[in-house]
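Asker: If you want the building blocks of each chain, they are given just below.
Protein chains: 2
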Amino acid sequence: MTHEDYMAIAVREGVEGMRSGKGGPFGAVIVASGEIIGKGCNMVTSLNDPTAHAEMVAIRNACQAVKSFHLTDAVLYTSCEPCPMCLSAMYWAKIKEFFYCTDRFDAARIDFADQFIYDEIVLPLNDRTSKARQIHLPAAMALFEEWAASQTKISY
Amino acid sequence: MTHEDYMAIAVREGVEGMRSGKGGPFGAVIVASGEIIGKGCNMVTSLNDPTAHAEMVAIRNACQAVKSFHLTDAVLYTSCEPCPMCLSAMYWAKIKEFFYCTDRFDAARIDFADQFIYDEIVLPLNDRTSKARQIHLPAAMALFEEWAASQTKISY
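Sequence lines, in order, name chains F and H. Position 69 of the first sequence, counted from 1, bears residue number 69 in the numbering used here, the numbering being contiguous throughout. Position 58 of the second sequence, counted from 1, bears residue number 58 in the numbering used here, the numbering being contiguous throughout.
In isolation and in its complexed conformation, chain F is listed as follows (with noise of 0.2 Å):
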């Protein structure tokens, strides 16, 4: 299977997840030595998910189907660049290499938000189009120390 392949297999996902109105135009398959693992296509509007991208959808599926929260040496293949959300997810789930057709430009002309998005984010929080706004409760800051001298947690 080459690289090639698995993206066919993506964007198929996305392809079938659109017609049978799951939700938008994507898909996306994750690769460990060789094996999918894990599979999906978007499924925001079906499921009342606006975190039911397919990239995600794919991540929490692997996640299922290897026991773990991460996945270390996993390869990610998307029909389209991935959006802020999908791309820290794969931060968090520590996949290394990712794959992808479409872009974040090719999203916005089929008015999808993923380069709005990213110039939102990156800006300091009093000059996004949303609202930030900092309370200073000592409950918080409490939490973290706590967690920081827990004997018995787990991190990721």
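To be clear, the hints were calculated from the coordinates, so they are not data collected in a lab. Don't take every hint at face value.
Since the list gives no way to pick one copy over another, a pair counts as held whenever it fits inside one copy or between any two copies.
Said to hold, decoys possible - Computed list of lysine-lysine pairs in PhoX-like fashion (alpha-carbon distance at most 20 Å, straight line):
1. LYS131 - LYS67
2. LYS94 - LYS131
3. LYS39 - LYS94
4. LYS96 - LYS131
Starting from the structure of chain F, add chain H where the hints point.
Answerer: Chain H in isolation, oriented as in the chain F frame:
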């Protein structure tokens, strides 16, 4: 209920989640029209789901509660500044306002990668620690064109 009251509930979610071994020290609540419509704590390690951050869990729960993939008039309270995955998910969910206590720098001090990921995702694809490569498959662009031409699609 004040912003501090809702935040105290978010922090409490994080405390209870951490102490019961669900995951890291993070909690979140989502409020619309004065009602809590979703809550969540970090469940990454207990669910083997790297996407199960407190804000993501709260967003998914709130969306199920209101049966929508958008939370247009909702406000999110999170015990710690959202990582870029969760911040992007808020944009996808159309949450336009959030409150937080601790921030990405506090999180870095207890060894969470939020700041690292913020730094990485703004880099050009070839300058990141992770590798990304574009593959040109005509089927991927055709998928976008089919979506654009669809008369029955549900946009988001």
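Asker: Now tell me, hint by hint, if it's right for this structure.
Answerer: Quick rundown of the hints versus the structure:
1. LYS131 - LYS67: neither (37 Å within a copy, 24 Å between copies)
2. LYS94 - LYS131: between (30 Å within a copy, 12 Å between copies)
3. LYS39 - LYS94: within (17 Å within a copy, 26 Å between copies)
4. LYS96 - LYS131: between (32 Å within a copy, 6 Å between copies)
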